[in-house]
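> Here the protein sequences line up with chains E and X, keeping their order.
Numbering of the first sequence is given in numbering that gives the first Met the number 0, commencing with residue 0 and proceeding in unit increments.
Numbering of the second sequence is given in numbering that gives the first Met the number 0, commencing with residue 0 and proceeding in unit increments.
If you are wondering where the hints come from, they were derived from the structure by calculation, not from laboratory data.
It cannot be assumed that every hint is accurate.
[What the hints assert, rightly or not] Just the calculated beta-carbon pair ranges, DEER-fashion:
1) X/Asn-273 to E/Ala-15: 47 to 53 Å
2) E/Lys-240 to X/Ala-117: 40 to 46 Å
3) X/Lys-72 to E/Asp-203: 34 to 40 Å
4) X/Ala-294 to E/Glu-346: 54 to 60 Å
From the three backbone atoms N, C-alpha and C, an ideal C-beta is built for every residue, glycine too.
There are 2 protein chains.
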Amino acid sequence: MDSGGAITAEDGGTWAFGPAAPLRLDSGGQLANVEIAWRSWGTLNADKSNAVLICHALTLDQHVAGTHPVSGKEGWWTRLVGPGRPLDPADWFILCSNVVGGCMGSTGPGSIDPATGAPYGLTFPVITIGDMVRAQAMLVEAMGISKLAAVVGGSMGGMQVLQWAADYPERIGACVCVASAARHSAQNIALHEVGRQAVMADPDWRGGAYARDGVRPEKGLAVARMAAHITYLSEAALQRKFGRELQNDGLSWGFDADFQVESYLRHQGGAFVNRFDANSYLYITRAMDYFDLAAPHGGVLAEAFRPARNVKFCVLSFTSDWLYPTPESRHIVRALNAAGARASFLEIESDKGHDAFLLDEPVMDSALRGFLDSVRTGR
Amino acid sequence: MDSGGAITAEDGGTWAFGPAAPLRLDSGGQLANVEIAWRSWGTLNADKSNAVLICHALTLDQHVAGTHPVSGKEGWWTRLVGPGRPLDPADWFILCSNVVGGCMGSTGPGSIDPATGAPYGLTFPVITIGDMVRAQAMLVEAMGISKLAAVVGGSMGGMQVLQWAADYPERIGACVCVASAARHSAQNIALHEVGRQAVMADPDWRGGAYARDGVRPEKGLAVARMAAHITYLSEAALQRKFGRELQNDGLSWGFDADFQVESYLRHQGGAFVNRFDANSYLYITRAMDYFDLAAPHGGVLAEAFRPARNVKFCVLSFTSDWLYPTPESRHIVRALNAAGARASFLEIESDKGHDAFLLDEPVMDSALRGFLDSVRTGR
Numbered sequence: 000m001d002s003g004g005a006i007t008a009e010d011g012g013t014w015a016f017g018p019a020a021p022l023r024l025d026s027g028g029q030l031a032n033v034e035i036a037w038r039s040w041g042t043l044n045a046d047k048s049n050a051v052l053i054c055h056a057l058t059l060d061q062h063v064a065g066t067h068p069v070s071g072k073e074g075w076w077t078r079l080v081g082p083g084r085p086l087d088p089a090d091w092f093i094l095c096s097n098v099v100g101g102c103m104g105s106t107g108p109g110s111i112d113p114a115t116g117a118p119y120g121l122t123f124p125v126i127t128i129g130d131m132v133r134a135q136a137m138l139v140e141a142m143g144i145s146k147l148a149a150v151v152g153g154s155m156g157g158m159q160v161l162q163w164a165a166d167y168p169e170r171i172g173a174c175v176c177v178a179s180a181a182r183h184s185a186q187n188i189a190l191h192e193v194g195r196q197a198v199m200a201d202p203d204w205r206g207g208a209y210a211r212d213g214v215r216p217e218k219g220l221a222v223a224r225m226a227a228h229i230t231y232l233s234e235a236a237l238q239r240k241f242g243r244e245l246q247n248d249g250l251s252w253g254f255d256a257d258f259q260v261e262s263y264l265r266h267q268g269g270a271f272v273n274r275f276d277a278n279s280y281l282y283i284t285r286a287m288d289y290f291d292l293a294a295p296h297g298g299v300l301a302e303a304f305r306p307a308r309n310v311k312f313c314v315l316s317f318t319s320d321w322l323y324p325t326p327e328s329r330h331i332v333r334a335l336n337a338a339g340a341r342a343s344f345l346e347i348e349s350d351k352g353h354d355a356f357l358l359d360e361p362v363m364d365s366a367l368r369g370f371l372d373s374v375r376t377g378r
Numbered sequence: 000m001d002s003g004g005a006i007t008a009e010d011g012g013t014w015a016f017g018p019a020a021p022l023r024l025d026s027g028g029q030l031a032n033v034e035i036a037w038r039s040w041g042t043l044n045a046d047k048s049n050a051v052l053i054c055h056a057l058t059l060d061q062h063v064a065g066t067h068p069v070s071g072k073e074g075w076w077t078r079l080v081g082p083g084r085p086l087d088p089a090d091w092f093i094l095c096s097n098v099v100g101g102c103m104g105s106t107g108p109g110s111i112d113p114a115t116g117a118p119y120g121l122t123f124p125v126i127t128i129g130d131m132v133r134a135q136a137m138l139v140e141a142m143g144i145s146k147l148a149a150v151v152g153g154s155m156g157g158m159q160v161l162q163w164a165a166d167y168p169e170r171i172g173a174c175v176c177v178a179s180a181a182r183h184s185a186q187n188i189a190l191h192e193v194g195r196q197a198v199m200a201d202p203d204w205r206g207g208a209y210a211r212d213g214v215r216p217e218k219g220l221a222v223a224r225m226a227a228h229i230t231y232l233s234e235a236a237l238q239r240k241f242g243r244e245l246q247n248d249g250l251s252w253g254f255d256a257d258f259q260v261e262s263y264l265r266h267q268g269g270a271f272v273n274r275f276d277a278n279s280y281l282y283i284t285r286a287m288d289y290f291d292l293a294a295p296h297g298g299v300l301a302e303a304f305r306p307a308r309n310v311k312f313c314v315l316s317f318t319s320d321w322l323y324p325t326p327e328s329r330h331i332v333r334a335l336n337a338a339g340a341r342a343s344f345l346e347i348e349s350d351k352g353h354d355a356f357l358l359d360e361p362v363m364d365s366a367l368r369g370f371l372d373s374v375r376t377g378r
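The shape of chain E in the complex, shown without the other chains (with noise of 0.2 Å):
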């Protein structure tokens, strides 16, 4: 779609906003020249009060439903998306557009530069939750939606629910936060700097300026990839998948992949690598890392809620989330209270871990379910 076209029943495209708006950053500078590469299922309706953004989490993107161009695979919510599903685009439009510093058309280190003509890499600027989230902001203003229904996402994509309630209360009726959390954790920066540390160790990587030389820090990549895959999964998760089985009859006496689960974790790392940018990976842990939504409440995050205490907010966990456990959740739910907003939260029985978000699990559908009805029919 091009500024102004009409919204159909599936559409997608890339906002380029020019040298006129540039999107302002934390960080204190802006970025000229944003390009915002989104999809959309369902049709806008006369006095667009249906839209419905979904926020994607660190390393997926605008392609929830459908199939993705680039894996072939169906869209990472299609479970969600879909006719008779929660978000079903007969009643609703629902839109997704890549995080700024993604590597999927939006703008991000692997774009040029307009000033050299070349990739950014590491002279990118450093971006953050609440960047994501205003460049969300420009689109759905392009799209003239004055106001979305409801703001939705899991992991990172809840984060960025967050961030809208505190930045633009009054332009969302709804968030859905699902296994989430409103700051990253002493443990999520560690796991996260471990990932950056094996990508910046790749002498593949050549300081961010990999795209010049032509190569890609892909063991680096896989390296941290297969790191952050162990943080989405349980310890009960891995044992039922896994347990101890072997890929051949008997072990190796090498290093070769005895186990199932390590060379499902090799197969992780590589599959990775064809679908992800290295640099982007480093700018969007970094954004997470800086995320702290209380901050600049002084710590209170019931603070940072106040202005949206008219918004209804739907809060998820999983009982074996190791990475944002409920505690977190717990910790969010406490806030909007004390903030006077209305909050329902659910801790949802699963040994999935963190990744239970995105699989089978037919007690999240429903809630989620239950919550879009009740903020389509103004319940």
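Based on the hints, put chain X in the right spot on chain E.
Just chain X, lined up with the frame of chain E:
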């Protein structure tokens, strides 16, 4: 001490077994000319009944007490070994040897292969916890000790303790197994595999032959250590110790170590490569991943312990240890009970994570003191 020399109050050395006494390996082969580096405190009594063997963890060594010859730091279990401490050299002859495969004096992948005159590198055979224990048994026998009063260890040391019980029950009186498990879980294997991949991704690893080229895979090994280090701490410990505290005033808006936890991790990684060999890290993590004490007994752990029913056991775990969580210790204790062995079990309340076994945990100290006193007095 040379073979047969007198054991004095503090001693140490390297026992060379020569070509006539090869170490039989679980892989089927054998290793000739094995050398085992050891250190001891206290005096072996006349009937050689006061010997306690300490088994060390993955990256530790025989320098349990006293000063470490490389780091200059205090031994890693000085809290437990010394005058007036649970293992008092006035009462006990306390022995610890570097595991085979290690890099602190015992034969390992960094040793010279007599067949080629060059370091083994990846031609070193894959070793197991059973091989480590077999080498210890050779050392203990060479010292003329027919029965150890106790075998004590935490983490991988605890695995060796359990292996002693399974393989040499008649040669031990008691076992202390702290923060350990009878087999490596899928998550344990996955975490180790990430570390190995980080090492092997470093171009300076050179297929394990880095010593030939006078280089070392320092960056890869540092990343492996950083990833592992996070698993040794609990989320609560990281949060208490570091939270979101910054290194300097304000954020750097870059990829320097902004947060104290990042700086800490980088320091841990950097310090580690100065004291540990990358190939030893591969071999020892592999030995741990291969560890499954019940496997040769049709998966029934109690059968492994059946011959050890006259051995006294003390099993300890820590509430916040997510690497070897309490259910793993309970699994051991249930199997010991089923085998008819006497086992006392204590889960210690601690927020320090797996590393608690190396830290100031008064409840652990007093539990060990009580158990070892009962061993010494025959109560």
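> Are any of the numbered hints broken by this structure? If so, which, sorted upward?
Per hint list: single violation, 4.
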